[in-house]
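Number of protein chains: 2
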Amino acid sequence: MKIRGVNLGNWLVLEKWMSPALFEGTTAEDEYYLPRQLSKEVYEARIQIHRSEYITERDFVAIKAMGMEAVRIPVPYFLFGDREPFIGCVKEPDKAFHWAETYGLQILIDLHTAPMGQNGFDNGGICGVCKWSKCPEEVEFVLSVLERMAERYGRRKGLWGIEVLNEPITEAMWNTMDVPNRYPAADAELAEGSGPNTLEFLRDFYCKAYDRIRRYLPEEKYVVIHDGFELLARKDFMREEKYRNVVLDTHQYLMMAEADGCEQTVPAYLAYIKEHYEKGVEEMQKYFPVICGEWCLFNSKACCYDTKGGQSVLNGVEGKQTEVLSAEEKTDIYRAVAKAQLQAWEKGSGYFYWSYKLLVDTVNDSGWTGWDSWDLGRCVDFGWFPVPKGLHERSTR
Amino acid sequence: MKIRGVNLGNWLVLEKWMSPALFEGTTAEDEYYLPRQLSKEVYEARIQIHRSEYITERDFVAIKAMGMEAVRIPVPYFLFGDREPFIGCVKEPDKAFHWAETYGLQILIDLHTAPMGQNGFDNGGICGVCKWSKCPEEVEFVLSVLERMAERYGRRKGLWGIEVLNEPITEAMWNTMDVPNRYPAADAELAEGSGPNTLEFLRDFYCKAYDRIRRYLPEEKYVVIHDGFELLARKDFMREEKYRNVVLDTHQYLMMAEADGCEQTVPAYLAYIKEHYEKGVEEMQKYFPVICGEWCLFNSKACCYDTKGGQSVLNGVEGKQTEVLSAEEKTDIYRAVAKAQLQAWEKGSGYFYWSYKLLVDTVNDSGWTGWDSWDLGRCVDFGWFPVPKGLHERSTR
Chain G
756 MKIRGVNLGN WLVLEKWMSP ALFEGTTAED EYYLPRQLSK EVYEARIQIH
806 RSEYITERDF VAIKAMGMEA VRIPVPYFLF GDREPFIGCV KEPDKAFHWA
856 ETYGLQILID LHTAPMGQNG FDNGGICGVC KWSKCPEEVE FVLSVLERMA
906 ERYGRRKGLW GIEVLNEPIT EAMWNTMDVP NRYPAADAEL AEGSGPNTLE
956 FLRDFYCKAY DRIRRYLPEE KYVVIHDGFE LLARKDFMRE EKYRNVVLDT
1006 HQYLMMAEAD GCEQTVPAYL AYIKEHYEKG VEEMQKYFPV ICGEWCLFNS
1056 KACCYDTKGG QSVLNGVEGK QTEVLSAEEK TDIYRAVAKA QLQAWEKGSG
1106 YFYWSYKLLV DTVNDSGWTG WDSWDLGRCV DFGWFPVPKG LHERSTR
Chain C
756 MKIRGVNLGN WLVLEKWMSP ALFEGTTAED EYYLPRQLSK EVYEARIQIH
806 RSEYITERDF VAIKAMGMEA VRIPVPYFLF GDREPFIGCV KEPDKAFHWA
856 ETYGLQILID LHTAPMGQNG FDNGGICGVC KWSKCPEEVE FVLSVLERMA
906 ERYGRRKGLW GIEVLNEPIT EAMWNTMDVP NRYPAADAEL AEGSGPNTLE
956 FLRDFYCKAY DRIRRYLPEE KYVVIHDGFE LLARKDFMRE EKYRNVVLDT
1006 HQYLMMAEAD GCEQTVPAYL AYIKEHYEKG VEEMQKYFPV ICGEWCLFNS
1056 KACCYDTKGG QSVLNGVEGK QTEVLSAEEK TDIYRAVAKA QLQAWEKGSG
1106 YFYWSYKLLV DTVNDSGWTG WDSWDLGRCV DFGWFPVPKG LHERSTR
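Respectively, the protein sequence lines represent chains G and C.
The first sequence begins at 756 in the working numbering and counts up by one.
The second sequence begins at 756 in the working numbering and counts up by one.
Be a bit skeptical, because a hint or two may be false.
Identical chains share a label here; the pair holds if one copy fits it or two copies do between them.
[Said to hold, decoys possible] Derived DSS-like pairs: lysine-lysine, alpha-carbon spacing no greater than 25 Å straight-line:
| hint | residue 1 | residue 2 |
| --- | --- | --- |
| 1 | 1075 | 846 |
| 2 | 912 | 1075 |
| 3 | 1075 | 850 |
Since the hints were made in silico from the structure, they are not lab data.
Build the full structure now, drawing on both the sequences and the hints.
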């Protein structure tokens, strides 16, 4: 089994840096505080227009034409509309399944957030808060969301799999990212008691989640678990006979390689990719089909400044005001890291690029030079990303 | 001189069918009534998110990668924010000029609406109302908007030209379209006195507009006038020496050919294109550089039903619920009408496709089968539209 796809990031789970207009006029840094700072009417209006325009049928046509086979769709825990003040968004994946089935794409639906946080990242929905795993009723709530997802989409032709939870953080990454300082909590009281998830908790949660969703999910559909940022530590997870078609998802970003000490040069990136990504995936492929569910071409070398582990002007790290490299130099860097990473994922069962689209304006907004490499559409159009199946294979219905 | 480009329709001048979510919960059929039916806060929130997401830097990269050289940007008369309750939108073309100049595209900025209407179409901003030319103070207002546009953008490297007014209707088209019935006015009193513009008025307006903007516009930038839907009737317009680089814009849609009696078959379309589009453009090219500023692949044959001159479910004309033709059959039809039309525009000075993008959902919404051919992005990705300069030439900065 091999799958090549792209994430529809920022569609149903917001990230401020990918879509700044949604957060305009607020001090919210994450999705949790957005409806708490806007009136109900304005929040609803912004969110509904965003959802109806950010990803549409035409994007599924474009993704197919790029030669991709699948999309990973991050969804929030309030998907079903039962967690006010958030607005449910089940209508959107409902539509997406029709688009995917019409154009021959597969969907990995990915529960990307959990109430009270599973990682404390902005993209986990609430900065600096990470204590979901310590709230049994919220753990149960998440299981019920997964069950409802499985019931609703389990037998859809367009379903590739369900990812039970995105990036539940464990201790090593909690320390590397220095979560409380990189993602300061807006409400210190709410953040109290935050910390990494334990391996034991995750093992138990994954097994429970598997049981709850497999009831609705035919065996050929995949159940995807994230490695908690410890790719090699999952060898003894879910080894029992009853667990079928469990896929291990690892996320690998060059900015994290940099944070891990990788020098900011192309040869160093290529060596790191070979040594860590390729070998790690190859090793774990003995235990699970392994996908790299998030990665991209972004790196500090192409930005021409140290992004300090992928921090932007929003984190107070100043980027370049204007382009330093020529178009050819950028293309050379991106093609080299694209080729090496694609080769690493070939040792496993495939990948999903992060992300299909972002609204970052590298021309009119200061400090964003180099951040367009997170956008697969731009990477393909600039010729940075090799289109897998020949140049723009045509979509057909 | 030859220019190949695409319209950024529905970005700054709304059309309900292209972006239904903006109109949700209202009975408004046009942009005029939208702020009159929504609260100020909700109107502003919808419009701002739409403007910030519908067209972004990444679209300029994509358009360049399609081999296009230019974009035509329709703007409303309230561009500068001095016509409440509308919200000005000069920030958007400001950004677009930076994108265009970064990626090597040219901009034709097109005044697409006039207060009290210049055609009575929904895309003129107010259905069924067409009496702008009878309101001297509004004619003067439009001239002042054009002057401000010229002053602001006249010397920009990215400026190709300014179109002084989109589709001011004259008598023949007023009758063909049966404007009062196809676009019924929401307020009969407001519509009173509506009717086509006279040729004399247009001649005078174009000359005045030329004088007002040429002051700011270097001679090499184009002043574009629309033919008022009478391509051959403009031979005696602006023949005097002082008028330099005046371009004549004609809009040609196969749905109008159908309304003119063209049979709904591919051979009939090809014959009509040759006989009317190609010969007409060739004839008028003796007098002006002629562009076809709006056209597309849409036709009733590919829809498999008579659209009655391009009417949709919004006009009460029921479309097909599901696809009748195979992908190959559709491709054959669209490629044939694309080739013939592109050949016709080659007799003149180029074209702008209508439009780059639309949000129409042919899969989840009933009756829209075939309407994706208005969307150049989809036409390219489906292989219906031949990419001018080789397959997806890569953008460079």
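Hint check results:
{"no.": "1", "hint": "1075 with 846", "result": "between (40 Å within a copy, 23 Å between copies)"}
{"no.": "2", "hint": "912 with 1075", "result": "between (46 Å within a copy, 24 Å between copies)"}
{"no.": "3", "hint": "1075 with 850", "result": "between (40 Å within a copy, 19 Å between copies)"}
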